[in-house]
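Per the numbering used here, numbering through the sequence shown is continuous, rising by one, with the last residue being 374.
Hints were generated in silico from the structure; no laboratory data involved.
All C-beta atoms in this analysis are idealised placements derived from N, C-alpha and C, irrespective of residue type, glycine included.
There could be a bad hint or two in this list.
[What the hints assert, rightly or not] EDC-like mimics (lysine to aspartate or glutamate), calculated; alpha carbons at most 20 Å apart, straight line: (1) Lys352 to Glu251; (2) Lys352 to Glu147; (3) Lys352 to Asp198; (4) Lys126 to Asp283; (5) Lys126 to Glu251; (6) Lys273 to Glu289; (7) Lys126 to Asp159; (8) Lys352 to Asp363; (9) Lys292 to Glu58; (10) Lys126 to Glu68; (11) Lys126 to Glu193; (12) Lys126 to Asp176; (13) Lys352 to Glu68; (14) Lys292 to Asp363; (15) Lys126 to Asp198; (16) Lys292 to Glu251; (17) Lys292 to Glu27.
[Stated by the list, open to error] Have a look at the derived ranges for each label pair, beta carbon to beta carbon: (18) Pro270 to His229: 49 to 57 Å; (19) Ala282 to Asp186: 46 to 54 Å; (20) Asn142 to Gln290: 46 to 54 Å; (21) Thr199 to Ala173: 28 to 36 Å.
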Amino acid sequence: MDFALNDDHLALRHAVQRFCEGEYPAEHRGTPEAVDQTRQRWQGMADLGLLGLPFPAEQGGSGQGPVEVMLVAQEFGRALAGGAWLASTVMAGELLTRMGNEAQKQAWLLPMANGQRQAAVALYEKGARYTWTHIQTQATANARGFELSGHKTMVLHGDQAGLLLVVARSSGAADDPGGLSVFAVDADMPGVEVQGFDTLDGRRAAHITLNRVQVGPERLIGEPGQAAHALEAMLDAANAALCAEAAGAVESLIVHTTAHLRTRRQFGAPLAKFQALQHRVADMAIALEQLKSMACAAAAAVAGGDTSQRRRVVSAAKAYASQQGRHIGLTAIQLHGGMGMTDECRVGHYTKRLMVIGQSLGDAAWHLARASTR
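Please model the entire structure based on the sequences and the hints provided.
As structure tokens, this is what we get:
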């Protein structure tokens with residue numbers, strides 16, 4: 001497999017690097033964002049074309065594919081940047097692009113691309129762990145369209161989104177992949193309750209309650225009961241992006257750790273002179289190269305047309321990213337000593353992000369089981 005980047009890829013990567021260097025100074029990466037700062041960064045991403053990167057050109061996007069998404073995600077990982085980009089552009093954007101009709105794409109993708117609207121996918125439910133087909137939220141058809149009732153949990157950046165893509169069951173049993181439908185719900189509609197909270201890495205998520213929320217038939221995305229394939233493809237695209245983000249974060253961790261070992265002295269010599277520590281950094285570097293390769297393979301699998309291959313490759317990559325991200329993060333903290341446990345030291349923030357990535361959209365055990373299933 002050819003992992004070489006062309007000139008357009010390099011230009012995109014350099015543009016995102018410059019943006020991150022300006023908006024995410026190294027000494028502040030990982031610290032919570034102020035509201036004005038979040039808004040400014042979001043508009044900056046829109047001006048750079050990142051919010052509509054994978055959207056069709058007709059809806060204000062650039063029409064780019066998973067490889068370009070991988071490059072952006074990797075740079076965001078290096079800078080602990082991106083905010084709601086994964087939730088809105090990669091996840092919600094993927095669903096709307098795959099399932100929406102032309103009127104829906106024009107109504108929602110265009111303002112998402114220019115930064116005027118954020119979206120989030122309300123998929124998982126309590127007690128289901130990572131089994132995304134376990135949907136008990138009900139969509140009941142009536143004369144005015146559909147009535148939605150149920151509870152959603154761990155909606156990434158759900159309290160910042162004005163548009164919620166709610167996955168509800170319009171037919172079938174609770175674990176049946178058939179019968180799943182997607183509805184576009186405005187966060188301020190009557191009956192919608194959003195409870196936001198901070199995640200371990202300082203980002204946001206939400207629990208969402210739908211109490212007899214009435215939506216019109218124009219709010220149904222795609223055909224009723226036929227959303228399973230698009231949902232699985234969306235989750236694979238998002239997990240591939242998370243693998244790339246993990247690779248970027250690990251690369252920054254290694255940079256921070258090696259700089260510390262070169263400057264910190266013990267017994268009259270820099271820590272970098274001690275062979276045991278050199279071996280640990282070498283192991284980290286080897287794992288990084290494997291992680292980069294797995295992220296590239298996942299992006300290529302998402303771009304390909306083989307569904308079975310995509311499932312296996314993306315899950316294998318996510319399992320590896322989950323395991324190695326946590327291990328490398330904890331190693332970096334240990335190599336920093338006591339200062340690695342402080343908020344002032346950046347390695348702790350990178351480790352927290354890597355731990356959240358490892359638990360998001362399926363942990364290592366879940367993806368290993370999925371990768372082994374034909």
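Tested hints:
1. Lys352 to Glu251: Holds, because 15 Å separates the two Cα atoms, which is no more than 20 Å.
2. Lys352 to Glu147: violated (39 Å)
3. Lys352 to Asp198: holds (13 Å)
4. Lys126 to Asp283: It is violated: about 38 Å lies between the C-alpha atoms, which goes past 20 Å.
5. Lys126 to Glu251: Roughly 34 Å between the alpha carbons, so the hint for Lys126 and Glu251 is violated.
6. Lys273 to Glu289: Violated. Lys273 to Glu289 sits at ~23 Å, over the 20 Å cutoff.
7. Lys126 to Asp159: holds (18 Å)
8. Lys352 to Asp363: Holds: Lys352 and Asp363 sit about 15 Å apart, inside 20 Å.
9. Lys292 to Glu58: Violated, at roughly 32 Å.
10. Lys126 to Glu68: Violated, because 34 Å separates the two Cα atoms, which is more than 20 Å.
11. Lys126 to Glu193: Distance of about 16 Å is within 20 Å: holds.
12. Lys126 to Asp176: Between Lys126 and Asp176 the Cα gap is close to 17 Å, so the pair holds against 20 Å.
13. Lys352 to Glu68: violated (25 Å)
14. Lys292 to Asp363: Given pair Lys292, Asp363 holds - Cα atoms ~19 Å apart, limit 20 Å.
15. Lys126 to Asp198: It holds: about 18 Å lies between the C-alpha atoms, which stays within 20 Å.
16. Lys292 to Glu251: holds (10 Å)
17. Lys292 to Glu27: Measuring from Cα to Cα gives roughly 25 Å; hence the hint is violated.
18. Pro270 to His229: 49 to 57 Å: holds (55 Å)
19. Ala282 to Asp186: 46 to 54 Å: Cβ of Ala282 to Cβ of Asp186: about 52 Å, so the range 46 to 54 Å holds.
20. Asn142 to Gln290: 46 to 54 Å: holds (53 Å)
21. Thr199 to Ala173: 28 to 36 Å: Hint holds: Cβ distance 31 Å, inside 28 to 36 Å.
Comparing the model with each earlier hint shows violations of hints 2, 4, 5, 6, 9, 10, 13 and 17; every other hint is respected.
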